[in-house]
Amino acid sequence: MADNKNTKMSRRKFIKNSGYVAGGAIGGGLLGTLVTTNVTNNGSQTASTGTNGGSDQTNFNKALMYFSRQSDFNILSAATERIFPEDDNGPGAIELGVPYFIDHQLAGGYGHNDREYMQGPFYEGSDFQGYQTRLKRHEVFDAGIKAIERESQNNFDASFVDLEGKQQDEILQKFQDGDVDIKGVTSTTFFELLRSATIEGAYSDPLYGGNGNMEAWKMKEFPGSQMSYIKKIDSEEFIEMEPRALRAHISS
Amino acid sequence: MATKLDKVEVVTVGVGWTGGIIAAELAKEGVQVVGLERGKERSTEDFQMVHDEYRYAIRYDLMQDLSKETITFRNNRDERALPMRQLGSFLLGEGLGGAGVHWNGQTWRFLPYDLQIKSMTDEKYGENKLSDDYTLQDWGITYEELEPYFYKYEQTAGIGGEDNPMGAPRSNPYPNPPMMDTPITKRFKNAAKNLNLHPFQMPSANMTENYENPDGQKMYKCQYCGFCERFGCEYGAKASPNMTVIPTAQKTGNFELRTDANVTDILYDGNRATGVRYVDVQSGEEFEQPADIVVLTSYVMNNTRLLLQSGIGEPYDPETGKGVIGKNYCYQILPGATGFFEEEKFNTYMGAGALGASVDDYNGDNFDHSDVDFIHGASVSISQTGQRPINNNTVPSGTPNWGQEFKSQSIKYFHRSLSVGGQGASIPHRENYLSLDPDYKDAYGNPLLRLTYDYTEQDRKLHEYISAKCAEILEEMGADKVESRSVSDHYNIVPYQTTHNTGGVIMGDDPETSAVNNYLQMWDADNLFVVGASAFAHNGGYNPTGTVGALAYRAAEGILKFREEDSQLVQKTRRSQLA
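Those protein sequences? They're chains A and B, same order as listed.
Following this note's numbering, the numbering of the first sequence begins with 1 at its first residue and continues without gaps.
Following this note's numbering, the numbering of the second sequence begins with 253 at its first residue and continues without gaps.
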């Protein structure tokens, strides 16, 4: 599994704290040698041994900050897996840790719309005026997940987590099409939040709890945080390289 | 009760590119300047963890905190404007350096045609090329007059570029050479040449060499790491106010920067500005800062809002067409096309904000508009800014946006699709304007700015024409499948489009139809200057920052002149008669 990786990261500090000078005047002169090292030693940053290291290390980050019922979290997990499923390309949302990413995000600023205008009065608005619900994201997820389960019981007489993939897709499609009633928010708004959060969890830096072992970046051949491509950018060939995450910027 | 501070000679409201340029130019001349910036101080040291798409490009870490202040929006006057509760269509900057920190660095000079667009259009196509609903105006300045200030800004910001045969004429070469060619830019240029167009490397504020500007500020050669737009540069390779004009102002000893200082009002005695009122956002304390000269150097939105809020200048009324504050809000029209390549992969994850190649054959009046129903056009470019995986999930049309097929296709085309797009001119319309919202308030109880905006017929025709040209180029580049963009039914505040908002406090030569003269000095208050893209009488076919920088240098010169003359710097002409 993604969290049981056994990496041999060299943790090279290509941004050295000693590079900082008073006033924060950092520049090419100071970083130049580090960048060069970086370019010539492509790949040594993240020599992962694979997704299944076989270690028994527990990832204590995989626990719930936001959801209070594991059953709700399981419905969320099943829905994200349909949005970003495991396939021939590689792991899906669950293996990547996306449900934990969403749980953790809902517990913080994202879930509580901290940096957004949430003063009333609230009106429905046109299709061109954007998010107008009084519900915050965490409340939209709560209501949406309950509605998924309700739809599942009504349509298939079973819990969403026990449905076939195609049946789950049918329900999710109804949400996307706006065909499910949720108090305070359209089902389309909920679905689009769920959809974008799933993709964000899959492809964000693994520090947020998704993109386990950078497997989504590897699938998409995105090398993450590299400091320089100046010696590669004129290459006529496509260049594959081992991705690097922000963890590599931390000196201890 | 506000604490009244000692009077200063000049106070600027906002410290980004325009506030920084004003501060640097005045402080170098020995003028005492106070810069009020409502955000935090920040520098290159703050950007060492910046290669984080989620934090910066998705959750907008560097952008305005909308819980304190946003705008309201409606498509037309019959609708109720509602708050822009989340950032989307454009990304307002916040903090020292403003949007000059998170820009890409694509740096252009508007065309001579732009500055005299009304008279040149009338002369060539007659006065009825567009209907009276389009409030097209000359800018009150010619390109020849503005040319030296463009160069000054390019030197400050270390712009790298090469000759553009269809662009605005240059008296001097660019301070730096152009950015590197890549397989993507070469492919575009070859195709453009085959189509008898005139391609060139896009002018860039990402340094192409280690560079020291005329003020002695150093910047470093860009490493093409692919994290530019929405990010600060961790390497000091992207020109920003923080790398250039702010330290230049600071080293004179004549500039005092006050961060966390949010200006709420301009103090005005009916004739002159007497200072500003601001709130220290950390303590909540209120201050009055008297000043001989007040310079508004915040973004388009706040320049306009502060004037409306403070009762300076006549608010624009779309019903009568009278008034000037809030008039001629423009945006940018974004035509384009995407090409899908089945057999080839490009290194699209590498890049720099202003790495690209362009043609100007379809911009301004560089082509004959006799047989089309619109004016102006767009610079057409391919840009290689560095694609990142959350934001870039380009799939052929008809593909669902979730599920296995989406996953597979978005992974496949991540390196197999290229886009060619236009920065399309936005022509003012009498119904597109800025005003104060009657209902919604900011964190200090002041009314939010209200945006009333929709696409016009002119916009749709320009979009359609330029999108077809973009598609032609991609076909010539060998794409297996090409899809043109289409314009949505109405302007939508949600999907990101561009942070090229303009107008609201426009320049011109007539106080009846413009708010500021060609030194960006208010007609209605001689000691008040309003600097920024708010002065654009329309938006041209390029990214705006180069022209904003030129106007800021022009305004700085005007402020120095005003210190001597203490009067209006430009003769008013009142030749227009509005209906």
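Check each hint, because a few of them may be wrong.
[What the hints assert, rightly or not] Reference excerpt, derived from the structure (chain A facing chain B, CB under 7 Å, subset only):
(1) GLU116
(2) PHE128
(3) GLN132
(4) GLN153
(5) VAL185
[To be verified] Derived DSS-like pairs (lysine-lysine); straight-line CA-CA distance at most 30 Å:
(6) A:LYS232 / B:LYS503
(7) B:LYS292 / B:LYS280
(8) B:LYS438 / B:LYS733
(9) B:LYS693 / A:LYS136
(10) B:LYS259 / B:LYS292
(11) B:LYS256 / B:LYS320
(12) A:LYS231 / B:LYS664
(13) B:LYS574 / B:LYS473
(14) A:LYS231 / B:LYS445
(15) B:LYS813 / B:LYS503
(16) A:LYS166 / A:LYS183
(17) A:LYS232 / B:LYS733
(18) B:LYS693 / A:LYS183
(19) B:LYS470 / A:LYS231
(20) A:LYS231 / B:LYS259
(21) B:LYS664 / B:LYS256
(22) A:LYS231 / B:LYS597
(23) B:LYS404 / B:LYS824
(24) B:LYS256 / B:LYS574
(25) A:LYS232 / B:LYS259
(26) A:LYS232 / B:LYS445
Hints in this document: simulated from the structure, not taken from any laboratory.
Built from N, CA and C at the ideal position, the CB exists for glycine as well.
Outcome of the hint check:
1. Against a cut-off of 7 Å between C-beta atoms, the interface hint on GLU116 (chain A) holds, since the closest Cβ of chain B lies about 5 Å away.
2. The interface hint given for PHE128 (chain A) holds, since its Cβ lies 4 Å from the closest Cβ of chain B, which is under the 7 Å cut-off.
3. A cut of 7 Å between beta carbons decides the hint on GLN132 (chain A): the least distance to chain B is about 6 Å, and the hint holds.
4. Taking 7 Å as the C-beta cut-off, the interface hint given for GLN153 (chain A) is violated, the closest approach to chain B being about 23 Å.
5. Hint status for VAL185 (chain A) relative to chain B: violated, with the closest Cβ pair at about 13 Å, above 7 Å.
6. Distance hint between LYS232 (chain A) and LYS503 (chain B) is unfulfilled; the C-alpha atoms sit about 38 Å from each other, more than 30 Å.
7. Proposed proximity of LYS292 (chain B) and LYS280 (chain B) is supported: the alpha carbons are some 24 Å apart, at most 30 Å.
8. For the suggested pair LYS438 (chain B) and LYS733 (chain B), the alpha carbons sit about 20 Å apart, so the restraint of at most 30 Å is met.
9. Restraint check for LYS693 (chain B) and LYS136 (chain A): satisfied, since their Cα atoms lie roughly 20 Å apart, inside the 30 Å limit.
10. Of the supplied pair hints, the one linking LYS259 (chain B) and LYS292 (chain B) holds, its CA atoms being roughly 24 Å apart against a limit of 30 Å.
11. At most 30 Å may separate the alpha-carbon atoms for a hinted pair to count; LYS256 (chain B) and LYS320 (chain B) meet this at roughly 25 Å.
12. Straight-line distance between C-alpha atoms of LYS231 (chain A) and LYS664 (chain B) comes to about 25 Å, which keeps the hinted pair within the 30 Å bound.
13. Of the pairs offered as hints, the one joining LYS574 (chain B) and LYS473 (chain B) is violated, with about 49 Å between alpha carbons and a cut-off of 30 Å exceeded.
14. Our distance criterion of 30 Å between C-alpha atoms is met by LYS231 (chain A) and LYS445 (chain B), whose separation comes to about 27 Å.
15. Restraint check for LYS813 (chain B) and LYS503 (chain B): satisfied, since their Cα atoms lie roughly 23 Å apart, inside the 30 Å limit.
16. As the CA atoms of LYS166 (chain A) and LYS183 (chain A) are separated by approximately 26 Å, the hinted pair is consistent with the 30 Å bound.
17. Between LYS232 (chain A) and LYS733 (chain B), the direct Cα distance comes to roughly 27 Å. Compliance with the 30 Å bound is thereby established for this hinted pair.
18. Distance restraint check for LYS693 (chain B) and LYS183 (chain A): the Cα-Cα separation of roughly 27 Å lies within the 30 Å cut-off, and the hinted pair is therefore satisfied.
19. For the suggested pair LYS470 (chain B) and LYS231 (chain A), the alpha carbons sit about 23 Å apart, so the restraint of at most 30 Å is met.
20. Proximity of LYS231 (chain A) to LYS259 (chain B) is assessed by CA-CA distance (about 54 Å); at most 30 Å being required, the pair is judged violated.
21. A distance of roughly 62 Å separates the Cα atoms of LYS664 (chain B) and LYS256 (chain B); the hinted pair therefore is violated under the 30 Å criterion.
22. Restraint check for LYS231 (chain A) and LYS597 (chain B): the C-alpha separation of about 18 Å stays at or below 30 Å, so the hint holds.
23. A C-alpha spacing of about 27 Å is found between LYS404 (chain B) and LYS824 (chain B), which places the hinted pair at or below 30 Å, so the restraint holds.
24. Proximity of LYS256 (chain B) to LYS574 (chain B) is assessed by CA-CA distance (about 36 Å); at most 30 Å being required, the pair is judged violated.
25. For the hint pairing LYS232 (chain A) with LYS259 (chain B), the CA-to-CA distance comes to about 55 Å; that exceeds 30 Å, so the pair is violated.
26. The suggested pairing of LYS232 (chain A) with LYS445 (chain B) holds, with an alpha-carbon distance near 26 Å, which does not exceed 30 Å.
Violated hints for the displayed structure, listed by number in ascending order: 4, 5, 6, 13, 20, 21, 24, 25.
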